[in-house]
Amino acid sequence: MITGFDPICGPGCRVLILGSMPSVRSLELSQYYGHPRNAFWPIMCELLEGRYIEDYSRRAQLLLEHGIALWDVCHCCERETSSDARIRNEVPNDIAGLANRFGIEHVLLNGGAAASLYRRHVALDLPCTRLPSTSPAYTLKYEAKRDAWREALEAVGIPLAPAHANLQRA
1 MITGFDPICG
11 PGCRVLILGS
21 MPSVRSLELS
31 QYYGHPRNAF
41 WPIMCELLEG
51 RYIEDYSRRA
61 QLLLEHGIAL
71 WDVCHCCERE
81 TSSDARIRNE
91 VPNDIAGLAN
101 RFGIEHVLLN
111 GGAAASLYRR
121 HVALDLPCTR
131 LPSTSPAYTL
141 KYEAKRDAWR
151 EALEAVGIPL
161 APAHANLQRA
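Under full-length UniProt numbering, the very last position in the sequence shown is 170; numbers go up by exactly one each time.
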């Protein structure tokens, strides 16, 4: 069995982004979305800050500053490789408890596997939106992923950086 991470969450979080389970690389780094080709952090940094942030703790803080919590549907599971299709014997996180404790108002699901696991194990009585996976295994172009995430964040009232901001490494 492999075990995921504690949530990134705090007072003022009203949107919860859920993935399925951290990848092998993420587990090695002890960081959400640690695979260098995963588009999650580049998208979040571009949309929320207008530039890329190298420091992981600063990226996590950026989410909190915007009222966004981050977690995975699975607390633990059996899985060979990083493939979500290979998740077996999963045990869900207490997402209902987190949502109640922090007053989560909307759930954003990062990809089809997260959506399927969420429906199977959690399915809170909250609005939820399935978004394109930020995983490099999902071959939709970066711009299309980013635009879908931008639309979802705008729809739930998350303030975004100006749309014309250039993505620059900081």
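It should be emphasised that the hints constitute simulated quantities derived from the structure, not laboratory data. Fair warning: there could be bad hints in the mix.
[As the list claims (entries may be wrong)] When the alpha-carbon atoms are kept at most 25 Å apart in a straight line, the in silico DMTMM-like pairs for lysine to aspartate or glutamate are as follows:
| no. | residue 1 | residue 2 |
| --- | --- | --- |
| 1 | LYS141 | GLU154 |
| 2 | LYS141 | ASP125 |
| 3 | LYS141 | GLU49 |
| 4 | LYS141 | ASP6 |
Satisfaction of hint between ASP125 and LYS141, Cα-Cα up to 25 Å: The hint is violated at about 32 Å.
Given hint ASP6 paired with LYS141 - CA-CA distance at most 25 Å: Answer violated: LYS141 to ASP6 is near 30 Å, above 25 Å.
Restraint check for LYS141 with GLU49, where alpha carbons must lie at most 25 Å apart: 21 Å, holds
Straight-line alpha-carbon gap LYS141 to GLU154, limit 25 Å: With Cα atoms ~20 Å apart, LYS141 and GLU154 stay inside 25 Å; holds.
Comparing the model with each earlier hint shows violations of hints 2, 4; every other hint is respected.
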